[in-house]
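Visitor: Each chain is listed here by its residues.
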Amino acid sequence: MKKLFLGLFLVGFTSFLGGCGDDPEPENIPELITKVTLTFTPTGGSPFVVTATDPDGEGSQDLQIDGPITLVKGTPYTLAIELINGLYDPGEDGYNITEEVRSEGEEHQFFFSWSDGSFSVPTGTGNIGSNGVVNYQDEDESGLPIGLTTEWTTATTPVSGKSFRIVLKHQPGIKSSTSTSADGESDLDITFGLTIN
Amino acid sequence: MQLCCNLRKALLSVIILVHGTSLLSGQPPCNLIISGKVLDETGKPLPGATIWIKELNLGLVSTAEGTYSFTQLCPGTYSLEFKFLGFETQQRSVDLVKSEWVDIRLLTTNEILEEVVISDHREVVSKGNNFSTLSAKQLDEVKGRSLGETLQGVTGVNTIQTGPAIFKPVIHGVHSQRILILNNGIRQEGQQWGAEHAPEIDPFIATNLVVIKDAGAIKYGTDAIGGVVVVTPAELPADQPIGGDFHLIGNSNGRAGIVSGLLEGSILKSKGWGWRVQGTSKTSGDSHAADYNLSNTGFRELNYSASTGYHKENKGFEIFYSHFNTTIGILRGASTNSTEDLENAFEREPPQYTEDFTYAIDQPRQEVSHDLVKLNGHIRNGKNLFNLQYGFQYNNREEYDVRRGSLKEVPALGYKLFTQTLDFEWETTLRSGRSRSRGINGMWQDNNKIDGTQTIPFIPNFTNYSGGLFWIEKISTPRWDWDFGARYDYRYYEVAGFDFKNELYRSTLSFGNASAAAGATFKLNRTSSLTSNLGSTWRPPNVAELYSLGTHQSAAAIEYGLLLDETTNEVLDLNEVDFKLEQALKWVNTYRMESGPWQVELSGYLNYIYNYIYLKPRGVTQNTRGVFPYFRYSQTNASFLGADFMAHYTLTTALTVKTKISLLRAADETQEDYLIFIPSNRAEVSFRYQLDKVGSWKDFYVDLTGNYVARQNRAPRVIPIEDIIDAKEMGVDILAQDPRNFDFLPPPEAYFLLGANLGISKPIHNSLLHFRISIQNALNESYREYTNRMRYYADDLGRNVTIALKYSF
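Residue numbers (this note's numbering), protein chains in the order written: chain A, 142 to 338; chain B, 80 to 888.
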């Protein structure tokens with residue numbers, strides 16, 4: 142009995158004498174978006190680029206938002222959005238998240254809102270919290286908009302001190318022709334300043 | 080690295096030493112006496128009751144005064160059986176070292192208010208403790224519920240809840256790392272830092288549940304700041320044919336089915352060898368609030384255990400294995416990515432993604448398994464009793480979130496925690512009425528992240544070496560029972576984790592401190608007693624409190640550990656921050672009275688916790704997903720002042736009334752502020768009608784229970800999300816300006832729930848068939864509970880009808 146007892150204890154403690162821990166493996170962090178670039182390209186002109194950069198991911202430092210977005214009045218623009226994960230080096234898989242959002246277009250949609258009077262096309266204040274129109278130039282496999290590419294025409298009168306907000310929603314299984322910016326979870330929510338000269 | 084290996088060697092030599100001591104032997108004298116009185120529930124003597132000592136096949140009949148006396152007994156463990164027609168048969172296990180006086184109260188009722196609790200020859204509670212017990216009978220009436228939910232039956236115990244399946248016990252207002260759970264004598268070690276991490280224990284293994292409400296329950300080590308929950312399985316049968324029971328339970332809410340079975344017996348050729356196997360399976364679909372389905376709140380559970388052991392007068396040995404496995408869905412509408420999402424979620428009722436009932440469990444969900452192997456043995460040698468116990472635990476936790484694409488199938492948080500514990504205790508019976516106990520506890524723990532989660536780990540990998548020594552003295556006089564104890568504990572951590580830049584950091588930390596407790600019970604007269612216990616205890620900080628980084632499942636808030644720099648978030652060493660050990664001073668007083676038709680228990684307590692570690696709101700930050708409040712683990716002084724009251728009045732032999740009230744006020748003393756998630760005041764009244772016999776049926780009962788839960792008026796200020804976001808846009812950080820506690824929503828309103836139970840048993844030859852039907856929230860009330868974390872998103876559970884069948888043989 143006593144030998145059995147002792148034996149079992151020794152078995153239990155074998156792992157005690159095992160090796161001490163090694164360094165843990167670092168994880169890839171593919172979901173983090175640390176940099177968002179908005180490129181407004183006028184037809185035939187030079188593009189205007191604005192970025193928002195997160196210096197520390199889950200850290201407590203604020204997002205650095207450049208801007209304001211400065212556009213020329215009465216001009217049509219194509220807006221392209223690029224999403225970057227700065228934990229990866231450029232060229233590495235995982236650095237550019239834009240393509241991932243595009244390929245999973247059926248679960249994602251960008252929503253936009255802006256100060257009234259900033260654009261002549263579309264009119265209104267956008268589709269965040271209201272039912273405005275946005276000129277989406279891309280679509281997912283079901284023919285629903287994604288919003289990585291959109292078209293805008295600035296107002297004919299200059300404005301300043303206005304705002305332009307983009308929200309990327311993850312809507313797995315619920316994206317539809319009637320889903321709105323209040324559905325799903327936010328992957329992105331940034332407000333830029335806007336000036337039209 | 081060198082130190083960790085040395086520690087292992089040191090611990091190993093302790094084990095060898097322990098084995099050395101247990102080899103001592105001697106001849107015990109056979110002149111001991113077990114005597115006492117058999118009483119009925121009102122305290123009147125019961126003449127003519129039979130008392131059996133099973134091991135000796137020796138029987139007696141109680142005298143006209145209800146007394147009995149067995150003489151010329153050798154030291155050993157005896158099972159006493161008390162029988163009297165019309166009363167419930169009761170068993171007592173007596174560890175005879177000195178002559179014992181055992182009074183027994185036989186009940187016609189189903190209620191057993193107080194029992195002596197002995198687990199594997201270790202006394203779980205002493206007479207100087209304030210404790211409450213849920214007996215086997217009481218547990219039977221709530222079978223099928225989770226451990227945390229079951230414990231709510233104890234006055235002063237509440238839960239922090241996350242939806243319908245996750246219940247964390249809260250004793251006198253504190254929970255998680257501040258409560259110790261002993262599963263079959265072993266410290267339960269899981270990822271207890273999370274408020275949504277429930278204890279991984281199947282309550283079907285328990286024959287009783289004991290809650291010790293004192294701080295510094297000295298035997299069990301650090302962390303028992305709020306108290307100890309003791310889950311005790313029945314003693315293994317020593318000399319019995321095969322027996323067991325089988326449960327079949329169905330719940331209307333969640334359309335849940337529960338099957339549980341237990342089989343036990345002894346190996347008859349070799350007297351003293353017993354065995355038991357047990358298993359439970361639960362399946363529940365989405366639960367239902369009063370008015371809508373709660374999508375993705377189903378759960379599945381599969382648990383089993385096996386044990387065998389050998390018990391003789393002077394020695395015993397047991398091996399126990401248990402496995403617990405659960406998959407729990409978290410309300411889909413509670414999954415949010417930003418404060419804007421959270422605001423949307425608050426406003427929606429029913430919650431977003433509410434769909435029709437299903438058994439399917441999608442993201443977000445938790446998958447948790449827990450394995451325990453326990454070996455223990457005891458040897459009695461004259462006045463000395465040696466206990467040695469080894470435990471191995473493996474806890475695996477994976478949390479799945481709503482993530483992009485293929486990451487859905489990858490846990491966002493995953494940890495494997497290995498724990499080994501070794502406990503040695505040496506008890507000595509000194510001259511009459513005095514005993515002494517001392518012991519050593521050792522623990523080794525290794526936490527590793529599950530690779531491939533593709534998230535920055537929320538807590539680091541760590542190895543934890545802990546050791547402790549304790550000494551307890553007990554003195555018994557006819558009117559007084561005293562106990563004094565002290566212990567010293569040391570903990571050493573080796574930590575390796577990743578900071579916000581996903582860069583590796585390594586640290587080592589050590590903590591050491593002493594605990595002490597003193598308790599006494601004074602018998603005021605034949606019917607009443609007063610127990611007072613004062614304990615000072617401490618706990619080493621949990622790794623999560625030191626190093627947490629990130630956003631928690633379904634909480635739109637970022638959490639930072641104590642060791643993260645306030646501005647740069649770089650990981651600091653312990654000596655670079657102003658850290659003090661958390662220490663508690665808890666004073667609990669209980670008055671007990673049993674007289675005539677009355678049974679009354681009144682407890683008052685004060686728990687003052689110095690350097691209380693909590694999540695303090697510190698500011699608002701912005702990342703690409705929007706604006707987030709962030710919290711840092713910080714320290715303050717906190718106080719918990721409360722009272723528990725229980726009264727039981729027997730109107731007639733068949734009709735009883737029972738009342739339970741618990742009151743609590745908790746405060747952040749340093750900031751003169753309220754703490755969040757503190758259970759509100761509540762009261763319960765139940766009427767119970769019972770009959771011993773109804774024709775060929777027995778044990779009939781029907782009860783009606785009303786539960787009133789007050790609104791928590793002592794709650795932190797409310798700051799709506801909108802205000803936080805709006806202010807941030809104006810460049811104002813509301814929380815940095817005023818770091819008092821806050822809540823996004825005000826506490827929910829008070830509520831009243833009605834429930835009823837009915838049970839009856841049918842004896843069939845040597846077996847018993849028991850039926851039970853229960854209804855909870857009978858009026859299908861829409862309500863929200865302040866301590867349920869899902870209250871932000873959805874109503875609590877609607878009506879539930881339970882039908883249960885138990886077959887015992």
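These are calculated hints, taken from the structure and not from any lab test. Treat the hints loosely; a few may be bogus.
To be verified - Label-pair restraints from in silico Cβ distances:
{"no.": "1", "chain 1": "A", "residue 1": "D234", "chain 2": "B", "residue 2": "L858", "range": "42 to 48 Å"}
{"no.": "2", "chain 1": "B", "residue 1": "L858", "chain 2": "A", "residue 2": "D279", "range": "50 to 56 Å"}
{"no.": "3", "chain 1": "B", "residue 1": "D817", "chain 2": "A", "residue 2": "S320", "range": "34 to 40 Å"}
{"no.": "4", "chain 1": "B", "residue 1": "Y371", "chain 2": "A", "residue 2": "P188", "range": "46 to 52 Å"}
To be verified - Just so you have them, the derived chain A footprint on chain B, three or more residues with Cβ under 8 Å:
{"no.": "5", "region": "139–151"}
{"no.": "6", "region": "318–324"}
A virtual CB, placed ideally from N, CA and C, is assigned to each residue, including glycine.
Visitor: Holds or violated: 42 to 48 Å for the Cβ distance of A:D234 and B:L858?
Guide: violated, 57 Å
Visitor: With a cut-off of 8 Å between beta carbons, are at least three residues of the region 318–324 of chain B near chain A?
Guide: violated (count 0)
Visitor: According to a criterion of three or more residues whose C-beta lies within less than 8 Å of a C-beta of chain A, is the region 139–151 of chain B covered?
Guide: Coverage by chain A is violated for the region 139–151 of chain B (0 residues, Cβ < 8 Å).
Visitor: May I ask you to test the hint 50 to 56 Å on the CB atoms belonging to B:L858 and A:D279?
Guide: holds, 53 Å
Visitor: Does the Cβ distance between B:Y371 and A:P188 fall inside 46 to 52 Å?
Guide: holds, 49 Å
Visitor: Just to be sure I understand the hint, the distance between the Cβ atoms of B:D817 and A:S320 should be within 34 to 40 Å; is that true here?
Guide: Holds: the Cβ-Cβ distance is about 38 Å, inside 34 to 40 Å.
Checked against the numbered hints given earlier, this structure breaks hints 1, 5 and 6; the rest are met.
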